[in-house]
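Visitor: Residue numbers (my numbering): 1 to 207.
No lab work stands behind these hints, which were simulated from the structure alone. Owing to the predicted nature of the structure, the values given are computational and were not obtained by experimental measurement. Every residue gets a Cβ at the ideal spot worked out from N, C-alpha and C, and that includes glycine. All the pointers check out, no bait thrown in.
Have a look at the derived ranges for each label pair, beta carbon to beta carbon:
hint	residue 1	residue 2	range
1	P82	D191	43 to 49 angstroms
2	D59	L17	27 to 33 angstroms
3	G8	E107	20 to 26 angstroms
4	R32	D61	39 to 45 angstroms
5	P34	D191	41 to 47 angstroms
6	P82	S15	34 to 40 angstroms
7	D184	G8	39 to 45 angstroms
8	P81	S114	32 to 38 angstroms
9	G145	D184	16 to 22 angstroms
10	T92	G182	43 to 49 angstroms
11	Q119	E24	25 to 31 angstroms
12	P176	G109	17 to 23 angstroms
13	T147	L17	26 to 32 angstroms
14	P82	R108	34 to 40 angstroms
Simulated crosslink set (SDA-like; lysine to any residue; CA at most 20 angstroms straight-line):
hint	residue 1	residue 2
15	K37	G85
16	K37	A83
17	K37	A88
18	K37	S75
19	K37	G8
20	K37	T77
21	K37	P78
22	K37	A27
23	K37	E164
24	K37	P82
25	K37	F90
26	K37	S91
27	K37	F76
28	K37	M9
29	K37	I84
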Amino acid sequence: MPDERGQGMPDVPASLLEGWTQTEATAETVFRLPTAKVVGHTLVYEDSDLREAVRAATDGDLDRMWRFFFATRLSFTPPLPPAIGPAAVFSTVRSRAESEFVDILRERGFRDVSPGNSQRVRVDTGDRARLRAFSATLDALLPGGGTRALPIDGWLAVWTTDGEFRLAGGAYPARPLDAFLGIDLPTVSTDPGTCRRELIALLRGVE
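Based on the provided sequences and hints, a complete structural model is requested.
Guide: Shown next as structure tokens:
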């Protein structure tokens, strides 16, 4: 995809987005600090290959987003004073971002959202990010009718690069979706370990 950073958007390498489709590109106030409004310039992607595979395997009965990923570039109005810098507000921004991520998961139909452990990881720019795990549940429709609780894993990374904040996160089924739904998905992998590795690679690739 073209680099949209000139418009305030983050950059996600196209090489990592095979099988994903951009579904949203927004700029909105995500939260406020005591001295500034914080605007998030956000790109959202879904695993369109997985969605189409499930839809085809169920004759169109199940058609929803199963896996998503987002990347956000934050801007401050007014800008942070040079004497303060992003390090001074990092813990506040991270806390607000994690709270906002919980809201995002709930808005997408996930329930019982709970934060887990956090760790530090290095992203592709060489910066260090704080990565936190989340768990949730989705009441997923089944091909034969009814619903069943599908466990969901989510991840959110927060870091600074060149004096700016980046957020990136996403979620995916924590159980193999083909076995969970009782359908054959020969063209896609729904292994949770593979989904995790692909999501972490996407997070690390954001600039």
